[in-house]
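**Q** Between the sequences and the hints, there should be enough to build the whole structure, so can you do that?
Just so you know, the protein sequences line up as chains A and B, in that order. Going by this note's numbering, the letters in the first sequence line up with residues 1 to 252, in that order. Going by this note's numbering, the letters in the second sequence line up with residues 1001 to 1275, in that order.
For the record, the hints were derived by calculation from the structure and aren't laboratory data. It is possible that part of the hints are untrue.
What the hints assert, rightly or not - If you only want the chain A side, here are some residues facing chain B, beta carbon under 8 Å, derived:
1) Thr75
2) Ala174
3) Asp248
No residue lacks a Cβ here, since even glycine has one placed at the ideal position from N, Cα and C.
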Amino acid sequence: MRAPLRLVLGIVLAGVAAAGCKSARQVGHFGAEAFYHQRDHYRIRYLPGADARAALLPPGWSLQNYAHGPEGRPTVASERSRYWTSYAVEHPRRGTREVRAERVDLRFVHRPEPAMMWVRTVPTSEEWADVPLEGLVRGGVLGLAADREAGLDLLGRNLPVGRTEVRVLGHGPARVDGHPAHYAVFETVRAEAGEADRMTVVVVRPGEHRWRYGRWTFPMLVVFGYVSAPARHASFRDDFAGLVSRVDVAPR
Amino acid sequence: MTWGRWVSAVFAATVVLALAGGVSAQADGEADSEVGSGSASGSASGAGGVDSGAGALASPRRSEQAAGPREPTRPRSGVWVFDDGVEVDDVPWDDFDEHAMYRPRGRSHFGVQLRAGGLLGDVPPAPAGPWAEVGIFYDLRYSPRRPWHLRFVAAFSMQPPGRDSSPGAIRESNTWVVRTRVLPLSIDFGSWVTGRLGGGVMFAWLPDFAGGGDFQVRPEIAGEVTANLLDGHLELGLYTGMTYSFVRSMGTMTFGNVDDGVQGQLGVTVGWVLP
Chain A
1 MRAPLRLVLG
11 IVLAGVAAAG
21 CKSARQVGHF
31 GAEAFYHQRD
41 HYRIRYLPGA
51 DARAALLPPG
61 WSLQNYAHGP
71 EGRPTVASER
81 SRYWTSYAVE
91 HPRRGTREVR
101 AERVDLRFVH
111 RPEPAMMWVR
121 TVPTSEEWAD
131 VPLEGLVRGG
141 VLGLAADREA
151 GLDLLGRNLP
161 VGRTEVRVLG
171 HGPARVDGHP
181 AHYAVFETVR
191 AEAGEADRMT
201 VVVVRPGEHR
211 WRYGRWTFPM
221 LVVFGYVSAP
231 ARHASFRDDF
241 AGLVSRVDVA
251 PR
Chain B
1001 MTWGRWVSAV
1011 FAATVVLALA
1021 GGVSAQADGE
1031 ADSEVGSGSA
1041 SGSASGAGGV
1051 DSGAGALASP
1061 RRSEQAAGPR
1071 EPTRPRSGVW
1081 VFDDGVEVDD
1091 VPWDDFDEHA
1101 MYRPRGRSHF
1111 GVQLRAGGLL
1121 GDVPPAPAGP
1131 WAEVGIFYDL
1141 RYSPRRPWHL
1151 RFVAAFSMQP
1161 PGRDSSPGAI
1171 RESNTWVVRT
1181 RVLPLSIDFG
1191 SWVTGRLGGG
1201 VMFAWLPDFA
1211 GGGDFQVRPE
1221 IAGEVTANLL
1231 DGHLELGLYT
1241 GMTYSFVRSM
1251 GTMTFGNVDD
1261 GVQGQLGVTV
1271 GWVLP
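**A** Structure, rendered in structure tokens:
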């Protein structure tokens, strides 16, 4: 190949490679007044007066799955594998494809009191579109006790695998930004650890929004949750309720 | 056993059967302190059948969404309401992700551009010299998160005519050209630089020596590299390309012969992308 042609080809290939310099893997973005999920089905407004920091939770909570800018403002989603997962999505005509997507939309941890809070968007099969939320939440809670993946993945499989005992403390209907939801409060005890974690989860169907992958779309759920030691669980409830109360489901 | 204890026992048994199944269930008093006793009654009503629970959720109570921020509502009447009362329309919906999307915001834009530069290479009597173009364009971005887009251009250019004569012959080159271009290889290199490559068709008006003229049609190649400023609305850059100039000649033995020659283009381009 002649030298000038190689040079031109090299420039073109370098240009095409450089064209991908924008972050390709995003979960959402932190706009002027709210966090917006990249699939545009919901946003969470910042705490009042915290627009500059893009703070979704009070001090003590830190966002784990995002890199932060010099002023502490979240910038881009972390590439660490623990925040990403794969779904085997199925198309009626095109077959099944494995799709890499976010495991959690937002994952916060609290210090010094250990606690974790998360927001998670979950694609589901078409069969689940009409299943009452109560049944899905129940399946998700029961799935934690099963020593395998079963039911709605409420936590993004962030719990260590192991034999887990689940104690349901309460559950009932809820509403998030006017949309039907269901909550559950329960404790999990891993046999080998012996210590209980108490969790609250709220599962909502965000209107008619669907989880998108290219031209494929699927029913979806959004899961809000937090976990802490049982004795400290109530102290984080207002933080959790405040976060979920600032959710806006996008109009269609 | 009092009636109250009977009710409590029935309630506890219902929750255990409905929720826990094979899992150990414990509807203790602490649960009530967490989520309120009202929620427990709500869950019990739905526990006998999943459908009944869903039915209870199907009719949202708009009265609970009164305007104005308010504290998160703890479960009352069996429904835990998460809503601070701020409606979607109260806060602008800003769906532009500056870390993943390309400017300017939006999938398609019209714009105007001005180019000035020179033609390289002589096509006598057409001079190698200044050249200017004004045009409009239309950008179409396939996806706001991908760097590829497409540009259509319709432009009008002018170049100084060349004319010479010799005994028995006269030649004259074209001045006005209408150009249409498609730049399918348009790529954003990050936020600030864009490269475009494509081609088009030029329609050069070539006068004859009888007061009329005709259009000469040829393909052409065009490329440009621009810096994107002012949120992607201002483009400043360099362009290059390949075009034709046309010469009509008239002599004692010929009348209206048309010759063409290839010329290069090089210059600066300024564009304004409309919102």
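**Q** List, from low to high, the hint numbers that the structure doesn't satisfy.
**A** none
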